[in-house]
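*Asks:* The residues making up each chain are set out below.
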Amino acid sequence: MKELFPVKQVMGFVFSLVLTVVALLVYFTDMSFPIGMTILLVTAFIQAGLQLVVFMHAGETDDKKSIYTNVYYGLIIALVTIFGTLLILVWDM
Amino acid sequence: MKIDNSLPLEYSTEENNLKILGFWIFLGAEIMLFATLFTMYFTLENRIGHGPSGAEIFEITPVLVETILLLTSSFVIGLGIHAMRLGNKKAMMVFFSITLLLGAGFLGFEIFEFVHYNHVGATLQTSAFTAALLTTLGTHGLHVTFGLFWGLAILIQIKKRGLTPETTNKSFIFSLYWHFLDVIWIFIFSFIYLKGMM
Numbered sequence: 001m002k003e004l005f006p007v008k009q010v011m012g013f014v015f016s017l018v019l020t021v022v023a024l025l026v027y028f029t030d031m032s033f034p035i036g037m038t039i040l041l042v043t044a045f046i047q048a049g050l051q052l053v054v055f056m057h058a059g060e061t062d063d064k065k066s067i068y069t070n071v072y073y074g075l076i077i078a079l080v081t082i083f084g085t086l087l088i089l090v091w092d093m
Numbered sequence: 001m002k003i004d005n006s007l008p009l010e011y012s013t014e015e016n017n018l019k020i021l022g023f024w025i026f027l028g029a030e031i032m033l034f035a036t037l038f039t040m041y042f043t044l045e046n047r048i049g050h051g052p053s054g055a056e057i058f059e060i061t062p063v064l065v066e067t068i069l070l071l072t073s074s075f076v077i078g079l080g081i082h083a084m085r086l087g088n089k090k091a092m093m094v095f096f097s098i099t100l101l102l103g104a105g106f107l108g109f110e111i112f113e114f115v116h117y118n119h120v121g122a123t124l125q126t127s128a129f130t131a132a133l134l135t136t137l138g139t140h141g142l143h144v145t146f147g148l149f150w151g152l153a154i155l156i157q158i159k160k161r162g163l164t165p166e167t168t169n170k171s172f173i174f175s176l177y178w179h180f181l182d183v184i185w186i187f188i189f190s191f192i193y194l195k196g197m198m
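Residue numbers (our numbering), protein chains in the order written: chain A, 1 to 93; chain B, 1 to 198.
These are computed hints drawn from the structure, not numbers from a lab. The beta-carbon is built from N, C-alpha and C at its ideal position, and this holds for glycine as well. Treat the hints loosely; a few may be bogus.
[Said to hold, decoys possible] Computed cross-link-like contacts, DSS-like style, restricted to lysine-lysine with a CA-CA straight-line distance of at most 30 angstroms:
{"no.": "1", "chain 1": "B", "residue 1": "K19", "chain 2": "B", "residue 2": "K159"}
{"no.": "2", "chain 1": "A", "residue 1": "K64", "chain 2": "A", "residue 2": "K8"}
{"no.": "3", "chain 1": "A", "residue 1": "K65", "chain 2": "A", "residue 2": "K8"}
{"no.": "4", "chain 1": "B", "residue 1": "K159", "chain 2": "B", "residue 2": "K89"}
{"no.": "5", "chain 1": "B", "residue 1": "K170", "chain 2": "A", "residue 2": "K8"}
{"no.": "6", "chain 1": "B", "residue 1": "K90", "chain 2": "B", "residue 2": "K19"}
{"no.": "7", "chain 1": "A", "residue 1": "K8", "chain 2": "B", "residue 2": "K19"}
{"no.": "8", "chain 1": "B", "residue 1": "K160", "chain 2": "B", "residue 2": "K90"}
{"no.": "9", "chain 1": "B", "residue 1": "K89", "chain 2": "A", "residue 2": "K8"}
{"no.": "10", "chain 1": "B", "residue 1": "K19", "chain 2": "A", "residue 2": "K64"}
{"no.": "11", "chain 1": "B", "residue 1": "K160", "chain 2": "B", "residue 2": "K170"}
{"no.": "12", "chain 1": "B", "residue 1": "K159", "chain 2": "A", "residue 2": "K8"}
{"no.": "13", "chain 1": "B", "residue 1": "K89", "chain 2": "A", "residue 2": "K2"}
{"no.": "14", "chain 1": "B", "residue 1": "K89", "chain 2": "B", "residue 2": "K19"}
{"no.": "15", "chain 1": "A", "residue 1": "K65", "chain 2": "B", "residue 2": "K19"}
{"no.": "16", "chain 1": "A", "residue 1": "K8", "chain 2": "B", "residue 2": "K90"}
{"no.": "17", "chain 1": "B", "residue 1": "K159", "chain 2": "B", "residue 2": "K90"}
{"no.": "18", "chain 1": "B", "residue 1": "K89", "chain 2": "B", "residue 2": "K170"}
{"no.": "19", "chain 1": "B", "residue 1": "K170", "chain 2": "B", "residue 2": "K19"}
{"no.": "20", "chain 1": "A", "residue 1": "K64", "chain 2": "B", "residue 2": "K170"}
{"no.": "21", "chain 1": "A", "residue 1": "K64", "chain 2": "B", "residue 2": "K89"}
{"no.": "22", "chain 1": "B", "residue 1": "K170", "chain 2": "A", "residue 2": "K2"}
{"no.": "23", "chain 1": "B", "residue 1": "K170", "chain 2": "A", "residue 2": "K65"}
{"no.": "24", "chain 1": "B", "residue 1": "K90", "chain 2": "A", "residue 2": "K2"}
{"no.": "25", "chain 1": "A", "residue 1": "K2", "chain 2": "B", "residue 2": "K159"}
{"no.": "26", "chain 1": "B", "residue 1": "K90", "chain 2": "B", "residue 2": "K170"}
{"no.": "27", "chain 1": "A", "residue 1": "K2", "chain 2": "B", "residue 2": "K160"}
{"no.": "28", "chain 1": "B", "residue 1": "K170", "chain 2": "B", "residue 2": "K159"}
{"no.": "29", "chain 1": "B", "residue 1": "K19", "chain 2": "B", "residue 2": "K160"}
{"no.": "30", "chain 1": "B", "residue 1": "K89", "chain 2": "B", "residue 2": "K160"}
[Claimed, not checked] Label-pair restraints from in silico Cβ distances:
{"no.": "31", "chain 1": "A", "residue 1": "I76", "chain 2": "B", "residue 2": "L142", "range": "20 to 28 angstroms"}
{"no.": "32", "chain 1": "A", "residue 1": "V22", "chain 2": "B", "residue 2": "M32", "range": "27 to 35 angstroms"}
{"no.": "33", "chain 1": "B", "residue 1": "M32", "chain 2": "A", "residue 2": "L41", "range": "14 to 22 angstroms"}
Model the full assembly from the supplied sequences, consistent with the hints where possible.
*Replies:* What follows is the structure in structure tokens.
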């Protein structure tokens, strides 16, 4: 039975629950918008990275480089799309 | 077909390796799909017209339950893949079944949430904000719905054919998809709900 619950994945799960609780602080405590957003950005990206490495085994084969290049590429396009649009349409710069 | 026995079954042939890499590339495209939805949402979130704002309609309880359900299902399918690598077909099927049940629970809460939005007058036609919100949430929900049928089909195949290079490869790819949906949900949870209620 014990062999079915690898320590690494159990720890990963516990850690992601902790990150969720930390993110919830922005709702349950009174904090300013910039501090709240900083906390959310940090917890969300750590949690996404955790899923990728611990649960999706992104780095376990020879395709590691291709997989990470692909993920980073997708991420860069995503961030450029989101922040580029906000810059022009919302922040009016 | 050359089978390399030093690797887990799902990686044991070149075709299997390529299928997994190919699925990662598909996930890269999915990241961009959701990026465009988030772009739309962040651009339009303050355009509420005569409709309600996010802070008025979001409720923490169902959102929290959905988050825990999806997070747990993502962990459980990880255990399923681990059991698969140990060659434990029965444990793997149990873990995959629990994953799908948690996924169904998530979907149930999301449908309940959508009915609630409809009830308080936040429909697809109400404002730019509600349209962007429901399209973003709906696209994620649609992915989960699709995943439920996909996972069910894989469970049936595992039951009929056992753990072969083909079925393990399909299961691993499905697990990648399921984890990815959890990653997207983390961003929805943080930057749509929590940000909206802050």
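*Asks:* Which hints from the list above does the structure break, by number from lowest to highest?
*Replies:* none
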